[in-house]
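Start from the sequences and build out the full structure, keeping to the hints where you can.
Listed in order, the protein sequences are those of chains C, L, R and D. Take our numbering: the last position of the first sequence gets the number 362, and nothing is skipped along the way. Take our numbering: the last position of the second sequence gets the number 362, and nothing is skipped along the way. Take our numbering: the last position of the third sequence gets the number 362, and nothing is skipped along the way. Take our numbering: the last position of the fourth sequence gets the number 362, and nothing is skipped along the way.
FYI, nobody ran anything at the bench for these hints, they're computed from the structure. Possibly wrong hints are sitting among the right ones.
Computed far set for chain D versus chain C, every beta-carbon distance over 10 Å [as the list claims (entries may be wrong)]:
| id | residue |
| --- | --- |
| 1 | Asp103 |
| 2 | Leu104 |
| 3 | Arg192 |
| 4 | Glu200 |
| 5 | Pro269 |
| 6 | Gly274 |
Each pair of labels, with its calculated beta carbon distance range [unchecked claim]:
| id | chain 1 | residue 1 | chain 2 | residue 2 | range |
| --- | --- | --- | --- | --- | --- |
| 7 | R | Arg105 | D | Gly268 | 17 to 23 Å |
| 8 | C | Asp174 | D | Pro74 | 49 to 55 Å |
| 9 | C | Arg47 | L | Asp102 | 51 to 57 Å |
| 10 | L | Glu262 | C | Glu77 | 54 to 60 Å |
Quick caveat, the model's predicted, so the values are computed rather than measured. Where is the CB? At the ideal position from N, CA and C, for every residue including glycine.
4 protein chains.
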Amino acid sequence: MAGNTFGEAFKVTTWGESHGTAIGAVIDGCPPGLLIDQEDINREMARRRPGQGGASSPRKEPDRVEILSGIFTPQGEEMPRTTGTPISLAIFNKDAHSKSYDDLREIFRPGHGDKTYLAKYGIRDHRGGGRASARETAARVAAGAIAKQLLKRHGIEVCAYTLALGGVRIRTCDLSTILDNRFFCPDPVAARQMEARVSEVHAQGDTLGGIVEIRATCPEGLGEPVFDKLDASLAHALMSIGAVKGVEIGAGFAVADMLGSENNDAIGPGGFLGNNAGGMLAGISNGEEVVIRVAVKPIPSISREQKTVNLANEEVAIRVGGRHDISAIPRIIPVCEAMVRLTLADFLLRDMAVRRNMQAWI
Amino acid sequence: MAGNTFGEAFKVTTWGESHGTAIGAVIDGCPPGLLIDQEDINREMARRRPGQGGASSPRKEPDRVEILSGIFTPQGEEMPRTTGTPISLAIFNKDAHSKSYDDLREIFRPGHGDKTYLAKYGIRDHRGGGRASARETAARVAAGAIAKQLLKRHGIEVCAYTLALGGVRIRTCDLSTILDNRFFCPDPVAARQMEARVSEVHAQGDTLGGIVEIRATCPEGLGEPVFDKLDASLAHALMSIGAVKGVEIGAGFAVADMLGSENNDAIGPGGFLGNNAGGMLAGISNGEEVVIRVAVKPIPSISREQKTVNLANEEVAIRVGGRHDISAIPRIIPVCEAMVRLTLADFLLRDMAVRRNMQAWI
Amino acid sequence: MAGNTFGEAFKVTTWGESHGTAIGAVIDGCPPGLLIDQEDINREMARRRPGQGGASSPRKEPDRVEILSGIFTPQGEEMPRTTGTPISLAIFNKDAHSKSYDDLREIFRPGHGDKTYLAKYGIRDHRGGGRASARETAARVAAGAIAKQLLKRHGIEVCAYTLALGGVRIRTCDLSTILDNRFFCPDPVAARQMEARVSEVHAQGDTLGGIVEIRATCPEGLGEPVFDKLDASLAHALMSIGAVKGVEIGAGFAVADMLGSENNDAIGPGGFLGNNAGGMLAGISNGEEVVIRVAVKPIPSISREQKTVNLANEEVAIRVGGRHDISAIPRIIPVCEAMVRLTLADFLLRDMAVRRNMQAWI
Amino acid sequence: MAGNTFGEAFKVTTWGESHGTAIGAVIDGCPPGLLIDQEDINREMARRRPGQGGASSPRKEPDRVEILSGIFTPQGEEMPRTTGTPISLAIFNKDAHSKSYDDLREIFRPGHGDKTYLAKYGIRDHRGGGRASARETAARVAAGAIAKQLLKRHGIEVCAYTLALGGVRIRTCDLSTILDNRFFCPDPVAARQMEARVSEVHAQGDTLGGIVEIRATCPEGLGEPVFDKLDASLAHALMSIGAVKGVEIGAGFAVADMLGSENNDAIGPGGFLGNNAGGMLAGISNGEEVVIRVAVKPIPSISREQKTVNLANEEVAIRVGGRHDISAIPRIIPVCEAMVRLTLADFLLRDMAVRRNMQAWI
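See the structure below:
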């Protein structure tokens, strides 16, 4: 009933609060025999780390992932492999100044979960947002790095990048350039405009929203209709990231203005002749590229004054100081990739029983 | 692993193919004692029925729901009540002309799941789309009508209506007028323009997309972070409807262009002073109205010629005739309501153990 | 949360009350392409049917299973195949005399669930025990007959028989004789003694308990430690049958008196040199025969007078008349087989993702 | 699909290998507000610790449980409370001599999961049995200690003790004496005989089996028919403990020899007049004491020579040395209690939605 687990076959449970002892994840269902490259996990973690530039907070989090179980180095090999048993991942919290949150104990920050967590649970770890902190997504990135190893073996790759930030949208899209700027933006000109926009808004004590696009190569046949359609589960996965307020697949909201004859992707002997569908039909991947976009809301922690109430329901003004990002972009990008990877890994395993059995009779 | 079940506490499993013997649903977890008003279920079914006007196909489906289990009329009462055991709902198919689908046995219709179902399962019930038919949603509406009874007891109401159809968007929004036109459109002027647009496109043998908005009253505290956030599960629920290609909550994709100071809903002693959040924060309902929009793609069955391939992967042309709708709107409206109801009923029950236990210590 | 579903990959949900419109099951997760032999399903149902002899009630239930979805006969084939979509099975109730249960509306029968169902749900379908009736197991047998088709393709066979009835235990065990008597008893001499015991107790208006043993061939590697060990899930499956009060695997309760050196099965190059383990070690099948025994309590409906209370909690005497069996044996035998089949089918599918993935690296 | 999670509402996932970095558990679904008494957790852990006497190995495991998340000490309180978020428990391994297992890398120990784990996963952490080690149950005891806090608030108590060990059965049963001997045996005379039997068998390098009985007070109404009956889930819970080969409820296997008139518990105005049912009818608790017995196999690690094979499938002889217990009793006793507590906590929460809703209409 509680909702801290994602996936059915490749099942991930995350735990931990922003300023507790540690955060982490347990993966149950990872197939045995996968090589685990600790360096690759660290690379993924580094991409989510704060302090990567002006749009992100200068706070340093080393975020070293410890693998507490589920791997074993066979005699004569150098790298550990998964054993098929649960993989426990932990990241111990270090750079956490709980004291600096003391003044938030009795006040509800607008745009945060302070009020709803207290309403639901009757008790609240107010330090840094507790469980509702974006810090929780570090555990998702760690788990996603394991899923990445599984997907790689099946030729599945996932890549996310920035489509819009603070009102600046890309006009060209060259994915080979996304590592050239800190926004993972595929339009170098737009990237420079985004930088300017970030500086401008930073000076105002405000924050920015944007749009992230995720693409994935994907074999035909993944997805479990009618409720666990590939699109439905991807929407679930991505909307479970705190800052995401919208998800669209392929043509997305643009379909509202299209005719059937425009929107339908014709089919040729070599495959589909378009990809308005975004890589899936009737909830099952069709072999084309999976294309998803998510709307990212501005970070709610702003240093401008806002109206709110305290525990006694008295009107108060608040300015949220501290080391906060100007936008969830770019740090949300590896989180989006992780959630798409966890979804695809889950569907890959769920699909295997079906296909393997099919081979027996065809 | 297979994905035909929705919900954890109020759990619905649907079954059935468009042209099989019947379609239906089993609800496991419905609390006992709810009065079941068969007439109300029929009213919900009638709203989803085709033949309601030009935008919908003239095919008649009586769609009478039979309740095969899980209810009992206590001595001295007149209406049955739920017993806490599984509620089995069946709708027997009557007006199904399988023959008319014979020419689709060997061809993949663009925009449909024909190709992906065959890729996944290696076998395909081609008659009317089989399991991938929109007819499957009738079972969801039937189950949603039971959820409606549960929600009513807790003061939760759900209402969906048309925001855009075929490029026509509403400019005013008066929910008291949505029953005055067949599109459940809250702007009478736009509704007339939608009629005109439907006639125009119908004449061209083409189809139309649109946008549906769903609102729900909802008590504080529903939603199960971090993965089963209320928004995440609503996105899952709605994206699992075949025609839906995008879901947004509250301000949705508009957040991409907003500043934090614009997007944050300030809080006053009487509640939130805005609702960009769409009724939830950190995945938990905040007591404000839940607001969701979904993008609905044009019906893929068009009578204009399209390019596709047959089972032998040879290029062929296809015109999909038959009794098809011009748009999934308005028939998708009760389906959207049903999916939101199923989600809220599930979260209501999932929340109860938590709250009840809380009362013991506070 | 409600518990009417069994299995994770081969997932079965049963529904229905003894004297409602129908009972049935939905199977979600059955692989596509399996041939469905309706006659074989009927044969399984016939074995569970009452009226097979003195120990069973003379009530006739034709129990014809209707398959409402999930199968399709490909062009040019004669028998339907599963399509990978949910298989809906229904058995409509015919020979149900609700009136004869009117006098049980206000009284709790000892040994039945009358009192506990009312305590839990606050409402009770008293007719024939409602959902708690053994009739519910007919849906399990129907679902088990589908699982049987899947298992057959993987060389897995399940067989149950009577080890003891009314104090008579077998002294020889020749499985080739179990079809020669109506108790599926592998000792012809004991079978005759069981007949005599049944007649004797029938005359006294009393009922009998017994022990059923189930054996299954099973490939190595099924079972999902640590909680879903093969033994744990088999115990769950079998203990979920109303009449079962004990389950033991392999040597079972006899291990309490054994030394480690006696109980351990030594291993040789050709396999295990004993089977005290009953076919599984550490929760995973070891390739040896799976051996399970269950204790079956006497049918609680006896015509001898018993003390009980009514709804007003007043002391009353009760004699349960009607068409009742003397023992759950032999009708429980196909039910035990069905539950073991459902368990093994589930574990077979759960194991496939693991093994298939392994092949990629070994 | 992988099976390392137990429970639906009070959901526990364990992880960890005997000689890995750590073992642990994540509890998702524990209600908020429960006081967590770290001392009480330690007391439970101490009862499972080896080195408690001759029947147990002298190995010392401090087994200190660290709570990494899910608790918070509200201002002004002294003890932490649960927050409703996942509770992560970890026990770091200290006293683990992996080297001593080097000679087991290539050999399958009889009675252990060595062969089946390798067959299933294709890779095996051979050190101390890896995941299949009884050490995994320490994580269950830790999680069970949290469940104990929840149950205490609802007046539910669980107690386990030894009924038989090495062929010695109790003849009297005085539960007030179970803390007077190290076997938690309620018959002081039998306890002394058990001591003698343990010494005798220890000298022979052999091991012993036994029977444990568990009793629990339990309110009416827990259990979720038809598959998640209380008895079925308890059988699942207990049979998932490695050493358990049989489970029986109430009269258990004795029902095989009973008449219906003997086995049925008559009902009086003050409750049931017997408890052959062991506290549940039709899978729902009836308010009487829950009574369960489990058969515990002898520890398979014996120092007497046994026949087995190595990885090359060659016949070899093995003597398993090291610090092993003579019997799983008494260390299995807190594990049995933990599994029953986890089951009852789960059913308590699953039942709450039902009951709370009922109050609305009755």
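Against the structure, the hints:
1. Asp103: Fine: 13 Å to the nearest Cβ keeps D:Asp103 off the interface.
2. Leu104: holds, 12 Å
3. Arg192: Label holds. Min Cβ-Cβ 41 Å, cutoff 10 Å.
4. Glu200: The assertion about D:Glu200 holds, with a minimum of 37 Å to chain C.
5. Pro269: holds, 37 Å
6. Gly274: holds, 36 Å
7. R:Arg105 <-> D:Gly268: 17 to 23 Å: holds, 20 Å
8. C:Asp174 <-> D:Pro74: 49 to 55 Å: With a Cβ separation near 53 Å, C:Asp174 and D:Pro74 satisfy 49 to 55 Å, so the hint holds.
9. C:Arg47 <-> L:Asp102: 51 to 57 Å: holds, 54 Å
10. L:Glu262 <-> C:Glu77: 54 to 60 Å: Holds, at about 55 Å.
Of the numbered hints listed earlier, not one is contradicted by the structure.
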